[in-house]
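So the protein sequences, as listed, match chains A and B.
If you're matching positions, the first sequence starts at 3 in this note's numbering and goes up one per residue.
If you're matching positions, the second sequence starts at 3 in this note's numbering and goes up one per residue.
Source of the hints: derived by calculation from the structure; they are not laboratory data.
Take the hints with a grain of salt, since some may be wrong.
Which copy is meant is left open, because identical chains are indistinguishable; a pair holds if it fits in one copy or across any two.
Stated by the list, open to error - When the alpha-carbon atoms are kept at most 27 Å apart in a straight line, the in silico DSSO-like pairs for lysine-lysine are as follows:
1. LYS168 <-> LYS103
2. LYS66 <-> LYS86
3. LYS115 <-> LYS192
4. LYS108 <-> LYS236
5. LYS212 <-> LYS167
6. LYS200 <-> LYS236
7. LYS245 <-> LYS62
8. LYS103 <-> LYS66
9. LYS171 <-> LYS192
10. LYS168 <-> LYS245
11. LYS167 <-> LYS66
12. LYS65 <-> LYS245
There are 2 protein chains.
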Amino acid sequence: MQPETLNAAIIIIGNEILSGKTQDLNVQFLALQLADLGIRLNEVRIIPDISEDIINTVNKLRKKYTYVFTTGGIGPTHDDITAKAIADAFNEELLLNEDAKSIIEKHVRECDKVIREDHIRMAYMPKSANLLLNLETGAPGFRIENVFVMAGVPYIMQSIFMEAKKLLKQGKPILSEAIEINLSEGLIAKPFADLQNKYPTIEMGSYPFKQQDKKWKTNLVLRGDDQELIRQVKIELLEIIGKIKD
Amino acid sequence: MQPETLNAAIIIIGNEILSGKTQDLNVQFLALQLADLGIRLNEVRIIPDISEDIINTVNKLRKKYTYVFTTGGIGPTHDDITAKAIADAFNEELLLNEDAKSIIEKHVRECDKVIREDHIRMAYMPKSANLLLNLETGAPGFRIENVFVMAGVPYIMQSIFMEAKKLLKQGKPILSEAIEINLSEGLIAKPFADLQNKYPTIEMGSYPFKQQDKKWKTNLVLRGDDQELIRQVKIELLEIIGKIKD
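Pulled out of the complex, with its shape left as it was, chain A reads as follows:
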């Protein structure tokens, strides 16, 4: 039996990213985690805090991919509209989740704060949502079908993702090997293309970068799920590089 192909999309819900106020750090964290789980990240969308945009994007992507991960918009303020939008996307009611309420109340008490209506607002979720615990700040994320709804603040998102992770199927980890060469891309382009044609199941990428001393280097990356094949192609690539004269 062919193993199932697992893939995913991330939806970053965040005016703060689109305005340039905040540098996104969640995509790279999730991308590395998913690669490790053998889940291919096929797409990321960064969208504004607009209900209709969230509903449309979630409904499009949840049908297309094994998993969808959203970050942002589940806090206590008026601009946090993700939970309601997700409920709408699934045609479900937004209800007070009693477990979430207890967790939030406990956390607020432990911080010696007074519980307010706005804290409890974070306990409203789509009817069939399952909680994803947040060990950092209490207020949980949730899963509904194949959609995982997480906070936007990176360390809280990461805590919620560790819970989400337990519920994910795993594929063969996507392995990657990088070779850094002291050559510009132009010199390796032709033989590297030939190598890609010879081994189509290995994804080969070339990423130039400039060093502090202004010299160009290039990272050649081999990606795939067949460790032995990657090893073999790497040896071949090293031989090719050895023959190139700058």
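On the provided structure of chain A, position chain B as indicated by the hints.
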């Protein structure tokens, strides 16, 4: 006459971002530049180096927004497929652009390198493309209608964007004011929501973060294009904050 609303989308073409290998730095740079030009960034998509995905995404977004900016995939290696995909999206031929060829040849000569076929590969562009000069490494980006095609390496992208910028219409700059408060979000949520309802044309966001000393702070952000109104709302918000007891 109502001033025209200018908006934009960014398409990041990059397996290296989706694999987690590279941290994207282009979104924030472009987001800040566009806000400054009064162009609203409505959406970002990060997609793989797959021709069909590039074609579909470009064709969807160029009809929806005033401007589309792509980054990535215009180098000399086999995984650089953006120029061809853009030509396909516009049903145009991919042709050797003689101006681009001269620029690339000049740059390669200046670096005392031998010109190769793969260098010249970067001079192939859709027939009606206009060059966007790249003062850093020679190989230019290009514009076709409302789509601006740029490199993925941040400092090269920035150089090309400075050329693109000259061709953009400008709206009223989108201004933002941030107030940092020593309160968690829960305490400000209710009055901040009331303020948002009172001033619907100002976009108000609340962004919590944790300090090194583990105390919560919150950034309250006001955004809009009416400087006087933002000033007035900021004063009102400061009064509200002054009355809150932790």
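Right, here's what the structure says about each hint:
1. LYS168 <-> LYS103: Within. Shortest intra-copy distance 23 Å satisfies the 27 Å Cα cut-off; inter-copy 53 Å does not.
2. LYS66 <-> LYS86: both (22 Å within a copy, 26 Å between copies)
3. LYS115 <-> LYS192: Classified as between; 16 Å across copies, 64 Å inside a copy.
4. LYS108 <-> LYS236: neither (54 Å within a copy, 34 Å between copies)
5. LYS212 <-> LYS167: between (36 Å within a copy, 24 Å between copies)
6. LYS200 <-> LYS236: Within one copy only: 13 Å inside a chain, 62 Å across chains, cut-off 27 Å.
7. LYS245 <-> LYS62: Neither way: LYS245 and LYS62 sit 48 Å apart in one copy and 44 Å across, limit 27 Å.
8. LYS103 <-> LYS66: Neither. Shortest intra-copy (33 Å) and inter-copy (41 Å) distances fail the 27 Å Cα cut-off.
9. LYS171 <-> LYS192: For LYS171 and LYS192, the Cα distance exceeds 27 Å both inside one copy (39 Å) and across copies (40 Å).
10. LYS168 <-> LYS245: Neither, since 47 Å and 44 Å both go past 27 Å.
11. LYS167 <-> LYS66: within (20 Å within a copy, 36 Å between copies)
12. LYS65 <-> LYS245: Neither: 48 Å inside a copy, 48 Å across copies.
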